[in-house]
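Those sequence lines, one after another, are chains D and F. Here the first sequence is numbered in the working numbering, starting from 497 and rising by one per residue. Here the second sequence is numbered in the working numbering, starting from 740 and rising by one per residue.
To be clear, the hints were calculated from the coordinates, so they are not data collected in a lab. One should not assume that every hint holds.
[What the hints assert, rightly or not] Sample of chain D residues lacking proximity to chain F, with all beta carbon distances greater than 10 Å (derived):
| # | residue |
| --- | --- |
| 1 | 566 |
| 2 | 570 |
| 3 | 629 |
| 4 | 704 |
| 5 | 835 |
| 6 | 836 |
[Said to hold, decoys possible] Covered by chain D, per the in silico footprint, the following chain F stretches (three or more residues, Cβ under 8 Å):
| # | region |
| --- | --- |
| 7 | 782-793 |
| 8 | 805-816 |
| 9 | 819-827 |
[Stated by the list, open to error] The calculated SDA-like cross-link candidates involving lysine to any residue, where the alpha carbons are at most 25 Å apart (straight line), are:
| # | chain 1 | residue 1 | chain 2 | residue 2 |
| --- | --- | --- | --- | --- |
| 10 | F | 806 | D | 570 |
| 11 | F | 806 | D | 745 |
| 12 | F | 806 | D | 651 |
| 13 | F | 806 | D | 736 |
| 14 | F | 806 | F | 864 |
| 15 | F | 806 | D | 750 |
| 16 | F | 806 | D | 690 |
| 17 | F | 806 | F | 844 |
| 18 | F | 806 | F | 752 |
| 19 | F | 806 | F | 742 |
| 20 | F | 806 | F | 791 |
| 21 | F | 806 | F | 866 |
| 22 | F | 806 | D | 746 |
| 23 | F | 806 | D | 751 |
| 24 | F | 806 | D | 719 |
| 25 | F | 806 | F | 860 |
| 26 | F | 806 | D | 744 |
| 27 | F | 806 | F | 766 |
| 28 | F | 806 | F | 903 |
| 29 | F | 806 | D | 652 |
We put the beta carbon where it would ideally sit given N, CA and C, even for glycine.
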Amino acid sequence: MTASAPTGGGVRARRHQLRLPGTVAALVLVGAVVLASCIGPVSIGPDRVVGTVLAQLFGAHTSVPPVDQAIVWNLRLPRVVLAALVGAALSASGTAYQGVLRNSLADPYLLGVAAGAGLGATVAIVSGGSGSVLLPVAAFLGAVAAVVLTYLVASMGSDRASGYTVILAGVAVAAMLTAVQTFLQQQHSEEIRQIYNWLLGSFSVASWRDVGLALPYLVVSMLVLLAHRRVLDVLRVGAEEAGTLGLHPTRTRLLIVAAATLGTGAAVAVSGLIGFVGIIVPHAVRLLTSASYRVVMPVAMLGGAAFLVLADLVARTVTAPGEVPIGVVTALVGGPFFLAVLRSRRTRQGLL
Amino acid sequence: MTSLGFEQVTVRYAGTPAVTDASFTVAEGEWVALVGPNGAGKSSLLRAATGLVPHEGAVRVGDRPAKALSWRERARCIALVPQQPELPAAMPVLDYVLLGRTAHIPYLGRESAADLHISESVLDRLGMGRFAARPLGTLSGGEIQRAVLARALAQQAPVLLLDEPTSALDLGRRVEALELVDEVRREHGLTVLSVLHDLTLAAQFAERLVLLVCGEVRAVGTPEAVLDPTVLAESFGAQVRVMAGADGRLVVVPYRRTTP
Chain D
497 MTASAPTGGG VRARRHQLRL PGTVAALVLV GAVVLASCIG PVSIGPDRVV GTVLAQLFGA
557 HTSVPPVDQA IVWNLRLPRV VLAALVGAAL SASGTAYQGV LRNSLADPYL LGVAAGAGLG
617 ATVAIVSGGS GSVLLPVAAF LGAVAAVVLT YLVASMGSDR ASGYTVILAG VAVAAMLTAV
677 QTFLQQQHSE EIRQIYNWLL GSFSVASWRD VGLALPYLVV SMLVLLAHRR VLDVLRVGAE
737 EAGTLGLHPT RTRLLIVAAA TLGTGAAVAV SGLIGFVGII VPHAVRLLTS ASYRVVMPVA
797 MLGGAAFLVL ADLVARTVTA PGEVPIGVVT ALVGGPFFLA VLRSRRTRQG LL
Chain F
740 MTSLGFEQVT VRYAGTPAVT DASFTVAEGE WVALVGPNGA GKSSLLRAAT GLVPHEGAVR
800 VGDRPAKALS WRERARCIAL VPQQPELPAA MPVLDYVLLG RTAHIPYLGR ESAADLHISE
860 SVLDRLGMGR FAARPLGTLS GGEIQRAVLA RALAQQAPVL LLDEPTSALD LGRRVEALEL
920 VDEVRREHGL TVLSVLHDLT LAAQFAERLV LLVCGEVRAV GTPEAVLDPT VLAESFGAQV
980 RVMAGADGRL VVVPYRRTTP
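Model the full assembly from the supplied sequences, consistent with the hints where possible.
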């Protein structure tokens, strides 16, 4: 076959697409985790951070003072690990929603997750369950219920919900749930500050218990989405064509949306509403690497984890000993970035 | 090789029939062209065969009803070249052709070396080998048509459906695209059902024509039998002359009804 040489070159290029960005993102994540574990009211050297982790995980002998160990292991690492998990899950979910809905503006909160979780949390707080395990559970249930409601509304009267119908239904459901939430807040004005703080998102009270609470859902969600990265590439030609290529058009999309919602719901439950991660991280990865979900999905997970770890580091150090809500940090970075994406040449050409 | 049979197929959109009781068969290895005015239900028939719209009656692929097939099984039997394919602009041509292997790859698996080889061979066969790494957004209309055809051929389905595959192409690319379809049809013994607006091209390439008017099959047969000026005038609401071309095949020429 005389023409196989150029195609062979293309294939070699394809196979190496993931290695470089994947390695870079993984290194940045490791660097971010170590950095965030070192910095705080008490500075602790990276060698002591690594020594603590080895001692705690593998029982290795260490000369790190117990006080430093306690600070790293009990205070900083749960917070860093939770931020990394939430960042990865939100980025994976955002990537998945963008793929399934074929809309580059889709973010994890688009289908009513934010409004549902906000309402769930508000109900929990006004009924006195703010400090208990009730708050994350209520937020999680609210988030999942909102997406289910969005999907039911979107598929009413037709057997197949199109991407636009789902998005419009999400807007309507979110508006209704937010109205209920506003009403409840107005009726319970003394709790407004507490609700407001939760809505802005924070990792300030993160413990290993929070990590354990969210971990199963986040891991299941991310594994399912990662496994669907090739399927997401097939869906880039739309659900109908994907159907003629051999994918079940409705069931496949529903499965991906369900996994993304599970991850988003769990993330919101333990950290509140942290905006912009799920939309800017996938776009940044697309701009820097490739539009293929086989690259975007894993790299966005690693990049999202690193981004949120660093954002949380900024949130707790910039006004120390006070804290800036992490949602403020991500939006302040995310807003300008998003405008840059919108103005970039590749977006105008429709290459996203 | 597999035949494609339509038995009293009715397609409805919100209760309104788009196709009513359509019955005809495309034999193994045959090329049949669906012709008829806009809105006659041509695309609806193709959509019914690919499971994209529900239908009454039966579409048979070989001896199996298409309704009984899963999406995956159906994609292994029937490949579709859509009228307006979705073209992710940044997707490289080879990745796009590999999408045709979806029904042969495990749901959460990845392409095998064989899938890659098949896709590359198809690209080479269509003279597109050197475009493998090019993003779809950088191709011309004719090249895009070849890429879409390559994806359909990579499905290795015995039945190939083409929904007006030449509408975006200039005169030369139109004939070229249909000649290419004819070549691969003969090489692989494909059963081809295509929607074609250009009656002259339909007469040149298809062995038989199915004339669909207002959702009903008006005529089935050889181009000579179907392309009757009176029937065409009535079906399309246009004056046409049907003439024999230099090679003996029919040429259909529309002309202006009134002179100023």
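Do the hints match the structure? See the list:
1. 566: holds (43 Å)
2. 570: For residue 570 of chain D, whose nearest Cβ neighbour in chain F is about 39 Å away, the distance exceeds 10 Å, so it holds.
3. 629: Per Cβ check, residue 629 of chain D is outside 10 Å of chain F; nearest 34 Å; holds.
4. 704: With a cut-off of 10 Å, residue 704 of chain D remains clear of chain F, as the shortest Cβ separation is near 32 Å.
5. 835: holds (21 Å)
6. 836: holds (18 Å)
7. 782-793: holds (count 3)
8. 805-816: Satisfied; 6 residues make the cut.
9. 819-827: holds (count 6)
10. F:806 - D:570: violated (59 Å)
11. F:806 - D:745: Since the Cα atoms of residue 806 of chain F and residue 745 of chain D sit roughly 15 Å apart, the hinted pair holds (cutoff 25 Å).
12. F:806 - D:651: This hinted pair holds, its Cα atoms lying about 22 Å apart.
13. F:806 - D:736: holds (16 Å)
14. F:806 - F:864: This hinted pair is violated, its Cα atoms lying about 33 Å apart.
15. F:806 - D:750: holds (22 Å)
16. F:806 - D:690: violated (56 Å)
17. F:806 - F:844: holds (22 Å)
18. F:806 - F:752: holds (18 Å)
19. F:806 - F:742: holds (16 Å)
20. F:806 - F:791: holds (11 Å)
21. F:806 - F:866: violated (36 Å)
22. F:806 - D:746: Holds, at roughly 16 Å.
23. F:806 - D:751: holds (23 Å)
24. F:806 - D:719: violated (33 Å)
25. F:806 - F:860: violated (32 Å)
26. F:806 - D:744: Holds: residue 806 of chain F and residue 744 of chain D sit about 14 Å apart, inside 25 Å.
27. F:806 - F:766: Satisfied, since the Cα-Cα distance of roughly 19 Å is no more than 25 Å.
28. F:806 - F:903: holds (24 Å)
29. F:806 - D:652: The hint holds at about 24 Å.
Of the numbered hints listed earlier, those contradicted by the structure are 10, 14, 16, 21, 24 and 25.
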